[in-house]
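S.K.: Chains as they are written, first to last, in my numbering: chain G, 316 to 649; chain D, 316 to 649; chain Z, 316 to 649.
Worth flagging that the hints you see were computed from the coordinates, not collected in a lab. One or more hints might be untrue.
Which copy? The list can't say, so a pair holds if one copy fits it or any two copies do.
[Said to hold, decoys possible] Taking lysine to any residue and the SDA-like style, the derived pairs with C-alpha atoms no more than 25 Å apart in a straight line are:
| no. | residue 1 | residue 2 |
| --- | --- | --- |
| 1 | 608 | 631 |
| 2 | 638 | 627 |
| 3 | 635 | 503 |
| 4 | 505 | 408 |
| 5 | 635 | 614 |
| 6 | 505 | 464 |
| 7 | 624 | 597 |
| 8 | 391 | 344 |
| 9 | 498 | 513 |
| 10 | 400 | 474 |
| 11 | 319 | 440 |
| 12 | 624 | 332 |
| 13 | 319 | 636 |
| 14 | 635 | 358 |
| 15 | 400 | 499 |
| 16 | 608 | 501 |
| 17 | 505 | 637 |
| 18 | 498 | 474 |
| 19 | 624 | 645 |
| 20 | 505 | 386 |
| 21 | 458 | 380 |
| 22 | 458 | 366 |
| 23 | 553 | 610 |
| 24 | 624 | 605 |
| 25 | 642 | 626 |
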Amino acid sequence: MKIKELAILVKGVAEGDDEIDITGLSGIESARLGDITFAVDEAHLTSAEKSDVSCVLTDDMLRKSTKPLIRVKNPKLSFLIIYNKLHTAESKNAFVHATAVVSTSAHVGNNVWIGPGVVVEDGVTIGDHVIIESNSVVKKNSKIGSFSHIFPNVTLYENVKLGKNVILHAGVVIGSDGFGYVKDGGTIYKFPQLGSVIIEDNVEIGANTTVDRGSLSDTVIGAGTKIDNICQIAHNVKVGKNVLIAAQCGISGSTVLGNNVTMGGQAGAVDNITIGDNVIIGAKSAVIGNIEKNSVVWGIPARPIANTKRQMAVLSWLTKNSKTLSKMMKVGST
Amino acid sequence: MKIKELAILVKGVAEGDDEIDITGLSGIESARLGDITFAVDEAHLTSAEKSDVSCVLTDDMLRKSTKPLIRVKNPKLSFLIIYNKLHTAESKNAFVHATAVVSTSAHVGNNVWIGPGVVVEDGVTIGDHVIIESNSVVKKNSKIGSFSHIFPNVTLYENVKLGKNVILHAGVVIGSDGFGYVKDGGTIYKFPQLGSVIIEDNVEIGANTTVDRGSLSDTVIGAGTKIDNICQIAHNVKVGKNVLIAAQCGISGSTVLGNNVTMGGQAGAVDNITIGDNVIIGAKSAVIGNIEKNSVVWGIPARPIANTKRQMAVLSWLTKNSKTLSKMMKVGST
Amino acid sequence: MKIKELAILVKGVAEGDDEIDITGLSGIESARLGDITFAVDEAHLTSAEKSDVSCVLTDDMLRKSTKPLIRVKNPKLSFLIIYNKLHTAESKNAFVHATAVVSTSAHVGNNVWIGPGVVVEDGVTIGDHVIIESNSVVKKNSKIGSFSHIFPNVTLYENVKLGKNVILHAGVVIGSDGFGYVKDGGTIYKFPQLGSVIIEDNVEIGANTTVDRGSLSDTVIGAGTKIDNICQIAHNVKVGKNVLIAAQCGISGSTVLGNNVTMGGQAGAVDNITIGDNVIIGAKSAVIGNIEKNSVVWGIPARPIANTKRQMAVLSWLTKNSKTLSKMMKVGST
Chain G
316 MKIKELAILV KGVAEGDDEI DITGLSGIES ARLGDITFAV DEAHLTSAEK
366 SDVSCVLTDD MLRKSTKPLI RVKNPKLSFL IIYNKLHTAE SKNAFVHATA
416 VVSTSAHVGN NVWIGPGVVV EDGVTIGDHV IIESNSVVKK NSKIGSFSHI
466 FPNVTLYENV KLGKNVILHA GVVIGSDGFG YVKDGGTIYK FPQLGSVIIE
516 DNVEIGANTT VDRGSLSDTV IGAGTKIDNI CQIAHNVKVG KNVLIAAQCG
566 ISGSTVLGNN VTMGGQAGAV DNITIGDNVI IGAKSAVIGN IEKNSVVWGI
616 PARPIANTKR QMAVLSWLTK NSKTLSKMMK VGST
Chain D
316 MKIKELAILV KGVAEGDDEI DITGLSGIES ARLGDITFAV DEAHLTSAEK
366 SDVSCVLTDD MLRKSTKPLI RVKNPKLSFL IIYNKLHTAE SKNAFVHATA
416 VVSTSAHVGN NVWIGPGVVV EDGVTIGDHV IIESNSVVKK NSKIGSFSHI
466 FPNVTLYENV KLGKNVILHA GVVIGSDGFG YVKDGGTIYK FPQLGSVIIE
516 DNVEIGANTT VDRGSLSDTV IGAGTKIDNI CQIAHNVKVG KNVLIAAQCG
566 ISGSTVLGNN VTMGGQAGAV DNITIGDNVI IGAKSAVIGN IEKNSVVWGI
616 PARPIANTKR QMAVLSWLTK NSKTLSKMMK VGST
Chain Z
316 MKIKELAILV KGVAEGDDEI DITGLSGIES ARLGDITFAV DEAHLTSAEK
366 SDVSCVLTDD MLRKSTKPLI RVKNPKLSFL IIYNKLHTAE SKNAFVHATA
416 VVSTSAHVGN NVWIGPGVVV EDGVTIGDHV IIESNSVVKK NSKIGSFSHI
466 FPNVTLYENV KLGKNVILHA GVVIGSDGFG YVKDGGTIYK FPQLGSVIIE
516 DNVEIGANTT VDRGSLSDTV IGAGTKIDNI CQIAHNVKVG KNVLIAAQCG
566 ISGSTVLGNN VTMGGQAGAV DNITIGDNVI IGAKSAVIGN IEKNSVVWGI
616 PARPIANTKR QMAVLSWLTK NSKTLSKMMK VGST
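With these hints in hand, go ahead and build the complete structure from the sequences.
M.R.: In structure tokens, the structure reads:
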């Protein structure tokens with residue numbers, strides 16, 4: 316497509332030669348002639364100018380360029396729109412590899428692709444256009460909504476429900492037993508984990524993340540939520556819609572996250588608390604109590620970020636002035 | 316069973332109509348007519364009363380109810396006892412799926428169930444009533460004790476020993492090489508990892524947790540210990556009996572945990588330290604030295620929890636009064 | 316081999332009876348007659364003397380012993396050299412298990428061993444002497460360098476490149492999509508992850524670790540680097556050469572680590588920062604900004620370790636003296 320056609324597609328304004336043909340997309344580092352890229356600051360734009368790239372998506376804030384530009388509100392989003400225009404999603408035909416083991420009692424939709432070594436147990440329901448890649452295992456009575464994509468070596472335990480357009484990356488485990496025990500004297504008894512996991516539409520879950528089944532209620536991941544790699548979602552947790560959870564986070568049992576919550580990497584939340592809508596939790600935080608909606612918290616334990624930063628600044632200042640303080644205290648105590 | 320029969324089973328006292336038939340168990344959220352549930356506080360009991368549940372297990376502390384009750388010492392434990400009475404564990408017959416690859420030199424006990432795609436290598440010993448689910452891999456000369464349950468996509472490296480009634484959830488890795496290297500100049504050489512892993516009876520290990528084999532001695536997980544998802548147990552670690560390790564904890568090389576230790580989520584312990592019996596380690600703690608038995612520690616680094624809380628309180632107080640402090644120090648330094 | 320022969324091999328000096336035959340290696344705990352072990356301090360040496368071990372590698376710092384010794388500069392390295400002499404690496408012949416699914420368009424080198432249930436997709440290139448263990452999956456167009464060893468249940472996504480002599484432990488995932496989204500109003504769109512992963516020669520990656528593919532550039536792990544279990548390397552990260560990353564670390568998107576960096580367990584680094592050569596990052600640190608080369612940092616946030624320790628000491632001192640301080644402040648504020 317020509318630059319002027321792409322400008323129309325992304326509702327932007329072309330600047331410079333808009334008759335050039337664009338044949339691909341790339342980051343600035345690997346840009347080739349014919350590619351379009353995006354720049355969100357002057358440094359990016361300078362890099363783009365030094366490359367062979369043929370067109371740059373930017374916003375109105377950036378300067379004029381020696382390269383053809385398309386000015387838009389959100390360059391990254393426009394880049395995505397062009398990507399989706401130029402790349403049609405890989406469409407697979409109905410296929411079950413000879414080495415897959417699919418129960419005769421499973422209900423398999425149209426255009427489902429089932430790779431080598433996949434195991435689909437009794438009573439499973441698979442929607443249309445689902446892809447299940449090599450060596451993944453779907454246990455009894457689980458349901459997978461249409462257009463979902465299960466990467467290799469994933470495990471779904473019994474009776475788990477995935478919505479439509481769910482993406483599970485390699486090594487994900489959904490529906491494992493929660494960490495529930497009853498102590499009686501010196502002995503630890505396993506408590507029944509009778510609930511399930513409900514994963515709503517458009518959820519993406521990163522590699523090697525685990526989501527435990529509920530003990531007596533269900534674990535729920537709300538629609539549109541994205542969870543990064545190696546996270547742990549414990550039993551009975553309810554995660555809201557459009558939540559972003561970065562890598563290596565952990566959410567303990569029965570905790571509730573509202574909608575649009577963001578968790579930075581390696582953060583954790585204790586059990587049985589409620590985190591309100593739109594809360595932002597800084598990386599590595601330990602959330603140990605309820606958090607009001609719209610708060611921004613950070614720290615161990617997590618508090619409003621300004622408090623945490625102020626405490627850090629005060630401690631730093633006290634450390635620098637500890638000699639003065641020490642002298643005063645000697646005087647003061649005599 | 317009737318309520319009066321269940322009361323006898325759990326050594327409790329029925330209150331209200333004890334002739335009602337109980338046909339299932341459930342949490343308060345999903346309770347149906349005919350179910351029994353449990354309540355550990357007044358709020359739970361109120362919720363139960365609003366549900367269709369037919370009977371509630373409680374202790375002596377709670378008020379009278381409109382619902383039939385069974386009063387017991389430990390309602391959760393009694394719930395578990397009734398669960399075990401009503402649910403007989405799934406018993407599988409001897410079975411090896413046609414797609415499983417089981418070495419002719421493996422010793423397979425009675426009533427062992429081996430699912431699709433499972434690989435059992437040479438010299439492996441599998442006890443009676445073991446279940447190995449789809450696509451799990453058991454490498455050479457490993458031993459699995461009777462009544463153990465291996466979920467899908469698990470990997471046991473060579474020469475690992477599991478006791479009886481061990482549960483390994485999906486994606487668990489036992490016996491991978493420890494992180495052992497020798498630096499010589501700029502080069503990093505791999506140090507031999509010649510030890511093994513011994514997992515004693517009644518251990519349960521959560522999804523995607525890893526336990527490394529010992530380098531020159533063995534890594535040991537004591538009987539009755541329960542480890543949650545995505546934990547890392549390093550080479551040569553000795554974990555005692557009846558230990559509870561919550562999700563995403565890490566224990567570094569050669570560290571020793573006593574019996575009945577509890578670790579909160581995302582806690583870590585450095586290498587070559589000893590943590591005494593009955594120690595409780597708060598979530599997200601960093602244990603960087605030996606811990607006396609019976610201690611309760613928290614923080615980064617972990618200290619007695621009262622110390623950590625007091626330091627936090629003092630810092631908070633100093634931050635609030637930093638202006639006063641600042642004035643004093645200006646006066647003091649002149 | 317006799318002790319005197321081993322002494323020549325490791326360029327050491329034998330002390331005591333050097334005619335004894337050594338038939339194996341072991342740690343002090345499990346030492347048998349005929350074994351050689353190593354001792355790096357007096358306590359180790361004392362333990363060795365109480366065992367049946369036949370020879371001890373030590374350095375010049377340790378005392379004389381009742382056991383035959385070989386004195387060397389680096390006992391652990393010498394132990395490794397002897398181990399490599401006595402153990403020849405398991406050499407496998409060319410083999411493809413009947414249940415493996417290897418695309419006819421894959422290029423498979425000489426003496427490649429492919430285990431049961433392995434899936435090798437179209438266009439994959441596998442070098443000579445590679446081992447791919449049971450149920451691992453190698454997606455389209457990936458490349459695996461010679462002498463690499465892939466343990467069971469590993470997943471390589473499309474177009475990933477492994478160098479020579481790379482070791483991937485069980486459950487590793489390489490090339491999963493990075494955590495990249497664009498928000499537009501209330502909706503979260505998936506951003507294309509078009510880059511790849513390049514893993515250079517002699518890298519070892521621990522069990523259940525994940526390395527995401529780049530979004531617009533590649534994710535790179537430098538030669539000789541060793542990564543422990545359950546780590547997360549995000550999209551576009553560049554890790555230098557001979558880096559050591561302990562278990563459960565996380566490195567966020569586009570961050571650059573220099574050569575010879577060391578990260579302690581459970582440490583994390585935020586996105587888009589640069590960590591210089593030879594930096595040492597203490598366990599559980601949160602690196603939230605660029606770090607100068609040769610620094611030693613620790614803490615949340617990570618600062619020069621002396622600063623962090625001093626702040627901790629000052630807070631501890633203030634806490635102990637908080638009553639005195641409180642009195643002074645009452646006086647000061649009146």
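S.K.: Indicate which option fits the pair residue 391, residue 344 if close means a Cα-Cα distance not exceeding 25 Å: within, between, both or neither.
M.R.: For residue 391 and residue 344, only the intra-copy Cα distance (16 Å) is at most 25 Å; the inter-copy one is 43 Å.
S.K.: Measure nothing new, just compare the shortest in-copy and cross-copy C-alpha distances for residue 635 and residue 503 to 25 Å and report within, between, both or neither.
M.R.: Intra 50 Å, inter 40 Å, cutoff 25 Å: neither.
S.K.: Under a CA distance limit of 25 Å, which applies to residue 642 and residue 626: within one copy, between copies, both, or neither?
M.R.: Classified as both; 23 Å inside a copy, 18 Å across copies.
S.K.: I want to check one pair: residue 638 and residue 627. Are their C-alpha atoms no more than 25 Å apart within a copy, between two copies, both, or neither?
M.R.: Classified as both; 19 Å inside a copy, 15 Å across copies.
S.K.: From the Cα coordinates, with 25 Å as the cut-off, is the pair residue 624 and residue 605 best called within, between, both, or neither?
M.R.: both (20 Å within a copy, 18 Å between copies)
S.K.: Between copies, within a copy, both or neither: which fits residue 624 and residue 645 at Cα up to 25 Å?
M.R.: The answer is between: 23 Å across copies meets 25 Å, while 30 Å in one copy does not.
S.K.: Measure nothing new, just compare the shortest in-copy and cross-copy C-alpha distances for residue 624 and residue 332 to 25 Å and report within, between, both or neither.
M.R.: neither (49 Å within a copy, 59 Å between copies)
S.K.: One pair to classify: residue 319 and residue 636, alpha carbons no more than 25 Å apart. Within, between, both, or neither?
M.R.: neither (62 Å within a copy, 61 Å between copies)
S.K.: Is the C-alpha distance from residue 608 to residue 631 at most 25 Å within one copy, between copies, in both cases, or in neither?
M.R.: Only across copies: residue 608 and residue 631 sit 23 Å apart there, 30 Å inside one copy, limit 25 Å.
S.K.: State whether the alpha carbon distance between residue 458 and residue 366 is at most 25 Å within one copy, between copies, both, or neither.
M.R.: For residue 458 and residue 366, neither the intra-copy (48 Å) nor the inter-copy (28 Å) Cα distance is at most 25 Å.
S.K.: For the identical chains here, do residue 505 and residue 637 meet the 25 Å Cα criterion within one copy, between copies, both, or neither?
M.R.: Neither. Shortest intra-copy (52 Å) and inter-copy (46 Å) distances fail the 25 Å Cα cut-off.
S.K.: When Cα atoms must be at most 25 Å apart, do residue 400 and residue 474 count as within-copy, between-copy, both, or neither?
M.R.: between (37 Å within a copy, 23 Å between copies)
Against the hints set out earlier in the document, violations occur for numbers 3, 11, 12, 13, 14, 17, 18, 21 and 22.
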